[in-house]
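J.: Under the working numbering, the first residue of the sequence shown is numbered 17, with each subsequent residue one higher.
Quick caveat, the hints were computed from the structure, so don't treat them as lab data.
Predicted model only: the values in this text are computed from it and were never measured.
Note that beta-carbon positions come from the ideal geometry of N, C-alpha and C, so glycine has one too.
Some hints here could point you the wrong way.
[As the list claims (entries may be wrong)] Derived Cβ-Cβ restraints for the label pairs, each shown as a range:
no.: 1; residue 1: HIS58; residue 2: GLY86; range: 16 to 26 Å
no.: 2; residue 1: ASN85; residue 2: LYS38; range: 38 to 48 Å
no.: 3; residue 1: ALA75; residue 2: LYS20; range: 25 to 35 Å
no.: 4; residue 1: ARG32; residue 2: LEU91; range: 19 to 29 Å
no.: 5; residue 1: ILE52; residue 2: LYS20; range: 18 to 28 Å
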Amino acid sequence: MIEKVLKRSNIKQAIRQTQANKGSAGVDRMPVSELIEYFEHHQESLFTKIINHEYKPQAIRGVEIPKPNGKTRLLGVPTVVDRVLQQAVSQALMPLFELDFHENSYGFRPQRN
């Protein structure tokens, strides 16, 4: 399964999706605009760490989001690299899970809800 997750085409698609989603930088302050350059320089070492079970996701940055009632909601923001890896895992696993979902199940499923 890890081969599917780390397949270059899957990672490229995950990078594109993460860039399309935009979002804030994580604790490392790396913006999504730097993803392609980051992966060009660090992809092999990153993949080696993942394959050798040495990769550890970075800490989550906490951001308070104001709510209409005056209270705030705490949002956890992963780094953009961790978001790419999460997206790559999701893309590799979703086709497998789709086989088990009921055809009338729509919640949290892309192009279904």
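J.: Each hint: holds or not?
T.: Okay, the hints, checked on the actual structure:
no.: 1; hint: HIS58 <-> GLY86: 16 to 26 Å; in the structure: violated (42 Å)
no.: 2; hint: ASN85 <-> LYS38: 38 to 48 Å; in the structure: violated (26 Å)
no.: 3; hint: ALA75 <-> LYS20: 25 to 35 Å; in the structure: holds (27 Å)
no.: 4; hint: ARG32 <-> LEU91: 19 to 29 Å; in the structure: holds (23 Å)
no.: 5; hint: ILE52 <-> LYS20: 18 to 28 Å; in the structure: holds (21 Å)
This entry does not satisfy hints 1, 2, going by the numbered hints stated previously.
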